[in-house]
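Line order of the protein sequences matches chains A and B. Mind the numbering: the first sequence is residues 1 to 415 in the numbering used here, read in order. Mind the numbering: the second sequence is residues 1 to 294 in the numbering used here, read in order.
Since the hints were derived computationally from the structure, they do not count as laboratory data. Incorrect hints may have been included.
Derived coverage of chain B by chain A (criterion: at least 3 residues anywhere in the stretch with Cβ under 8 Å from a Cβ of chain A; other residues may be distant) [claimed, not checked]:
#1 187 to 199
#2 203 to 215
Below, simulated DSBU-like cross-link-like pairs (lysine-lysine); rule was C-alpha separation at most 30 Å, straight line [said to hold, decoys possible]:
#3 A:K35 with A:K121
#4 A:K138 with B:K282
#5 B:K282 with B:K28
#6 A:K7 with B:K186
#7 A:K140 with B:K186
#8 A:K140 with A:K121
#9 A:K140 with A:K115
#10 A:K7 with A:K73
#11 B:K186 with A:K73
#12 A:K115 with B:K186
#13 A:K109 with B:K186
#14 A:K246 with A:K28
#15 A:K192 with A:K73
#16 B:K182 with B:K282
#17 B:K182 with A:K140
#18 A:K109 with B:K182
#19 A:K140 with B:K282
#20 A:K73 with A:K35
#21 B:K186 with A:K121
#22 B:K186 with B:K282
#23 B:K121 with B:K134
#24 A:K28 with B:K121
#25 A:K138 with B:K182
#26 A:K138 with B:K186
#27 B:K182 with B:K121
#28 A:K138 with A:K115
#29 B:K29 with B:K282
#30 A:K28 with B:K186
#31 A:K35 with A:K7
#32 A:K192 with A:K115
A quick note: this is a predicted structure, and the numbers were derived from the prediction, not measured. Note that the Cβ used here is the ideal one computed from N, Cα and C, for glycine as well.
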Amino acid sequence: MSTLTLKNIVKEFTSGSGASASTTQVIKGVDLEVKDQEFVVFVGPSGCGKSTLMRMIAGLENATSGDILIDGKRMNDIGPAERGLAMVFQSYALYPHMTVGENMGFSLKLAGVSKEERAEKVNAAAEVLQLGPLLDRKPKALSGGQRQRVAIGRAIVRNPSIFLFDEPLSNLDAALRVQMRIELARLHAELKATMIYVTHDQVEAMTMADKIVVLQGGVVEQVGSPMELYHHPRNRFVAGFIGSPKMNFLDITVTGVAGEGVTVRLPDGSERLIPVVSQTEDGASVIVGDSLTLGVRPEHLMLDAQGPFSGQVQVIERLGGVTSLYLATPDGSGDAPIGGLKSDEQSDSGWILMADGDVNSRVGDSIRYGFDTERAHLFTREGLALQNLNRHPLTSLTRQDNSLSSASAAQEARA
Amino acid sequence: MSTSTSNSVAAASAAVSASRARRSVINKKLVLTLVAWTIALVMFFPIFWMILTSFKTEAEAIATPPSLFFTPSVEGYIEIQARADYFKYALNSVVISLGATLLALLIAIPSAYSMAFLPTKRTQGTLLWMLSTKMLPSVGVLLPVYLIFRDLGLLDSRTGLIIIYMLMNLPIVVWMLYTFFKDIPKDILEAGRMDGASTLQEIFHLLLPLTLPGIASTGLLCVILSWNEAFWSLNLTTSNAAPLTAYIASFSSPEGLFWAKLSAASTLAIAPILIFGWMTQKQMVRGLTFGAVK
Chain A
1 MSTLTLKNIV
11 KEFTSGSGAS
21 ASTTQVIKGV
31 DLEVKDQEFV
41 VFVGPSGCGK
51 STLMRMIAGL
61 ENATSGDILI
71 DGKRMNDIGP
81 AERGLAMVFQ
91 SYALYPHMTV
101 GENMGFSLKL
111 AGVSKEERAE
121 KVNAAAEVLQ
131 LGPLLDRKPK
141 ALSGGQRQRV
151 AIGRAIVRNP
161 SIFLFDEPLS
171 NLDAALRVQM
181 RIELARLHAE
191 LKATMIYVTH
201 DQVEAMTMAD
211 KIVVLQGGVV
221 EQVGSPMELY
231 HHPRNRFVAG
241 FIGSPKMNFL
251 DITVTGVAGE
261 GVTVRLPDGS
271 ERLIPVVSQT
281 EDGASVIVGD
291 SLTLGVRPEH
301 LMLDAQGPFS
311 GQVQVIERLG
321 GVTSLYLATP
331 DGSGDAPIGG
341 LKSDEQSDSG
351 WILMADGDVN
361 SRVGDSIRYG
371 FDTERAHLFT
381 REGLALQNLN
391 RHPLTSLTRQ
401 DNSLSSASAA
411 QEARA
Chain B
1 MSTSTSNSVA
11 AASAAVSASR
21 ARRSVINKKL
31 VLTLVAWTIA
41 LVMFFPIFWM
51 ILTSFKTEAE
61 AIATPPSLFF
71 TPSVEGYIEI
81 QARADYFKYA
91 LNSVVISLGA
101 TLLALLIAIP
111 SAYSMAFLPT
121 KRTQGTLLWM
131 LSTKMLPSVG
141 VLLPVYLIFR
151 DLGLLDSRTG
161 LIIIYMLMNL
171 PIVVWMLYTF
181 FKDIPKDILE
191 AGRMDGASTL
201 QEIFHLLLPL
211 TLPGIASTGL
221 LCVILSWNEA
231 FWSLNLTTSN
241 AAPLTAYIAS
251 FSSPEGLFWA
261 KLSAASTLAI
271 APILIFGWMT
281 QKQMVRGLTF
291 GAVK
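Please take these sequences and the hints and turn them into a complete structure.
Rendered as structure tokens:
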């Protein structure tokens, strides 16, 4: 049973001295509840404070104000080791002068655990991570993936109440990253531990998390399951950050507000009904004539000869299964980067459309396309979302619910 | 046909330029080796000449032109040993330089640790200030130091010299350790802290083993500097705590200059540190270049 509660956590750094001292707030009042056995991912652009937040939970950094509670006990003034946590660092931070076995057993040695018991626990952890044959090697004789496993092993040996991972996969190559991702998911299912994971990679966040915490500028933008963030982003930032390629945005005008949704006028003059509520979460109502932002994910755009949008293909990325078309729009709308093939009078941003893998469009083609209104998003000028009237059925699904399938995927990957 | 000719011409010219490049590399190496040997010989010559002189008689020692070939004699060594007990001075030197080094490391390790890993906005200033104390001429503080030592009963005591040498070397020791510690990734110490290490355990289990080459070379340098120090040892000791520097000096004044005996005394005085330095040179170089190549 390991829970974590953050209550109004603030972190300030002071630079300079005397009258010229300036205080920078990097974490601006974060509240968070992490349940037992949950896999929580902190995600956000670099400098958003996600690592600082994790370091405060670990005890490596002091919170300026607010409470950190682990299993209901206030931990602010308790040292890192006594918090019962283990951390895996981005750089692995293995002790270079110790063997793999010594690295993993170091915490037990410090705790005064007998040599036999230490060996037993180290071997058990080594078994889980398939590190057995490497126990007598020094870290420098290991590959990146092996080092990462040793770092994880070092954490497992401590039998912590909560695992902390600080961008653990960012130093690995793409193939290894996928493999370690699956291994971590398997480990989480096996150890049944609470895990907190920091990353800037939204794919890692989407694939591993039960709950994602999106941070920006020291503020929590949204907390929710991966599917909730994907289908019901709270604001424009989350909508743009989650999902790859990122969501397309277009400025439009409201022409009707009704119970079944908000009607908007598109650039070609046609109107569409988007099934969203007419009030933002802070109570502001949308009225006819308001300017809003329409958000449509690339995968919810489709080629359609009668579609309301037109564009010229600038770049094509064929991935086999799907094809990304980077489109320049006649009015220069859209803010996705579309590369350098544009002519001078065209904007360098436009729309991205994800089409079928077999689509036969070519660079330079003019195409028409439409969108799935059921899956479109509307945002106010302030960037707040008007929530969809229909909750997506998968929003409350956590990764734990499909842990069986991920475990079998891991076995397949190993086989 | 024409293609093959042009090919072979190109191959030949490539071979010529390759051999030219190889030759220029060899030439460069040769020049560097010669320069290095010349510098080393120039630096070593006085020591060599001193050792040579120490095996001459007094008459041969002052002969002009100096003689390179002579019958070696240990007369000088026997005479100086009869006049003063070399081993007493040597023991003082060993005790004082090792004592000063250990004490300096003991104080410098925690201070360099705090400066490297818990820096404040004044750390850089403090480091520069520490170094600036090395610019003060020792003679400038001779009087106050002498009076303090007299009042504390530290004159002509090993403890006194250990303290003064420790203070003398502390800035350099702190600076060197600071740079070595700075090279250790903070993550490793933080991982140690997560593993339950106290600050002391962090230093003993992680920092010291990781920076051992650096600490060793710092220690060696400190020993050598202490061993060779003459100003304070001549002014603050007379006989009880006098190290080898005072031993050499004692041969220079009272009865005029006796080159052979003086050389013998000097040879004896520098022999231990010379051998010590030669034995530890690998460690020294490794330590001084520690972190430079990454």
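Now for the hints, and whether the structure bears them out:
no., hint, in the structure
1, 187 to 199, "holds (count 10)"
2, 203 to 215, "holds (count 4)"
3, A:K35 with A:K121, "holds, 27 Å"
4, A:K138 with B:K282, "holds, 24 Å"
5, B:K282 with B:K28, "holds, 25 Å"
6, A:K7 with B:K186, "holds, 28 Å"
7, A:K140 with B:K186, "holds, 18 Å"
8, A:K140 with A:K121, "holds, 23 Å"
9, A:K140 with A:K115, "holds, 24 Å"
10, A:K7 with A:K73, "holds, 12 Å"
11, B:K186 with A:K73, "holds, 28 Å"
12, A:K115 with B:K186, "holds, 28 Å"
13, A:K109 with B:K186, "holds, 21 Å"
14, A:K246 with A:K28, "holds, 26 Å"
15, A:K192 with A:K73, "holds, 21 Å"
16, B:K182 with B:K282, "holds, 23 Å"
17, B:K182 with A:K140, "holds, 20 Å"
18, A:K109 with B:K182, "holds, 26 Å"
19, A:K140 with B:K282, "holds, 23 Å"
20, A:K73 with A:K35, "holds, 14 Å"
21, B:K186 with A:K121, "holds, 27 Å"
22, B:K186 with B:K282, "holds, 28 Å"
23, B:K121 with B:K134, "holds, 23 Å"
24, A:K28 with B:K121, "holds, 25 Å"
25, A:K138 with B:K182, "holds, 22 Å"
26, A:K138 with B:K186, "holds, 20 Å"
27, B:K182 with B:K121, "holds, 16 Å"
28, A:K138 with A:K115, "holds, 19 Å"
29, B:K29 with B:K282, "holds, 22 Å"
30, A:K28 with B:K186, "holds, 26 Å"
31, A:K35 with A:K7, "holds, 14 Å"
32, A:K192 with A:K115, "holds, 27 Å"
The structure meets every hint from the earlier list without exception.
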